[in-house]
Amino acid sequence: MTTSTLTHELTERELGRTLAPRPTVGDAITQTLAMAWRALKKMRRNPEQFFDVVFQPLLFTAMFAYIFGGAISGSVSDYLPIVIPGILAQTALTACIATGTQLREDMDKGVFDRFKAMPIARIAPLAGPMVADLVRYATAATLTILTGLAMGYRPDGGLTGVIGGWLLTVIAGWSMAWIFTWLGTIARSAQAVQGISMMVMFPLTFLSNAFVPADTLPGWLQSFVDFNPVSHVVSAVSDLMNTGQVTSEVWIALGMCALVVAIFAPLSLRSYSRKM
Amino acid sequence: MNSSAPIHPAERRTAPAVVAQGLVKTFGDFRAVSGIDLEVRRGEVFGVLGPNGAGKTTTLKMLATLLPIDGGRAEILGVDVAREPHRIRQLVGVTGQYASVDENLTGRENLWLFGRLQGLSRKRARATAEDLLGRFGLEEAGDKPISQFSGGMRRRLDLAASLITQPPLIFLDEPTTGLDPRTRGQMWDTIRELVAAGSTILLTTQYLDEADQLADRIAVIDHGLKVAEGTPEQLKNSVGSSTLHLRLEDAEQTARAAALTARLLGEVPVLTPESGGLNVALADANQAADVLIALRQADLGITSAAVRQPTLDEVFLTLTGHPGEPEAADESEATTPQPEEVH
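Chains as they are written, first to last, in numbering that gives the first Met the number 0: chain A, 0 to 275; chain B, 0 to 342.
Worth double-checking, as some hints may not be accurate.
As the list claims (entries may be wrong) - These stretches of chain A come out as covered by chain B in the derived footprint (C-beta under 8 Å, 3 or more residues):
hint, stretch
1, 7-15
2, 24-33
3, 115-121
4, 146-159
5, 230-239
I should point out that these hints are in silico values taken from the structure, not numbers from a laboratory. Glycine is no exception: its CB is placed at the ideal position from the N, C-alpha and C atoms.
Assemble the whole structure, with the sequences as input and the hints as a guide.
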């Protein structure tokens, strides 16, 4: 080990530059931001990437409210406080799917070979697009809330409650996106990521309290719903927007988000590094 | 040999640019590289020559930390490739056979991004991008998206991107594959300029003339094994005899001249497609004089005569048992069958 250290020191002296053994945290942050810049440029040049986060909130909010409103809550306006937090969670999750498929598409491109050959933190090519995607989650959340307000939703939590709910949606979107990023690093094609992601997304949203109150479900299903992180996000957003209270649900939801990141970020990093 | 000892101990004053010993790469049952040794000296252009699927790109990818090394060891400038990949990446600039630049960005943006990723300040990244665009004749194309670039421009931008941090070692993986002859010539000039500036270059190619034009030394690789190594001259000499190329004044006399040389040297000359041309194999280059004297005495005039060493094509054929020029239908590089690329 000492001899090997000597050899690289010799090379460093000859070249007049130091060779870092590994990237520092500071490097990783700069590189992630540079990658986020790249992703934002790409978004600006391909605005069709915003199709899902623009139209889905409008369409789903209106559709769900008018179809289920009467049946579940007696009227559309009574259903809005239940369904808006649900739609927020659902659109954030859908936006995450695109994060995974686009990463997969990106990884097949030649430029990723260059990223791999450069002395950069392995997390940067993964985390960069996810930082840029905050714009997409924010767009989805904003449009869902605006559609709700236009349809007559009057949140009791007031402005701060709504901002809190919006913020939590964006945080949850970013955290859940790690699941789909991981799928992006293990699947063989973008279509595969899309397919698998749908199978993950539907149970996560529908087997939660997003659209119907959980107490109408059979007992065995209720225990899954209670565990589902999406349920906690929906309850937390609902508490923030409809009561303005930072309830324990908010902390549980944030804890769940942290847990998802803690599991799926290392998994993604590992399978991305192995792909090289 | 103790496997943890460096291949080149520190006492030696300068480590070579690249040393590889017994490199192995397998993909499932397929041995893409089965025990290759290489030594690249500093400041030279080292060519790895071989047909499609020979293992050139795989070897290069292992040395560039893009593929894990399955067997054997490699050091770059004294740094172990498998153990210290991050340091290796600071020493090597890689230009792949397919331009690895971002399609969604302009030329200028690409260079800026790669500069930022490698720790340049915003200002330095901008200045370096400007400088490289100028050096590679891309100033006017700097603000165009890559999708509007020609093949040659992409390759030049790709090469420029590998030089941002001025790495001491440059890997060029088939730098001119798929380029038209004129653009290929321009690329060669660019590479020669890099060499003149003191870079060490490891180059893979399937074109014999490219290796002949650029490389100081060549390793010929076939089926994952090194079959020969040396300067282009040494390789040509290893095939042996030189050839006398003759062109007669009077094409009608070709048969007579052929008969005459056959009698003289005991070997039948080969008639070339152009009229009045014939090639005579010589065991010794000095025999050329005997042939010319005999022709003069028989009153057979010539328009040209030249003694040539065998071409690398002939070397390649002798060494690998098959012609060197790639088949057009087989353009897709078969050396890296990565399963995830199959859709």
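Which hints, by number, does the structure contradict? Those not satisfied are hints 4, 5.
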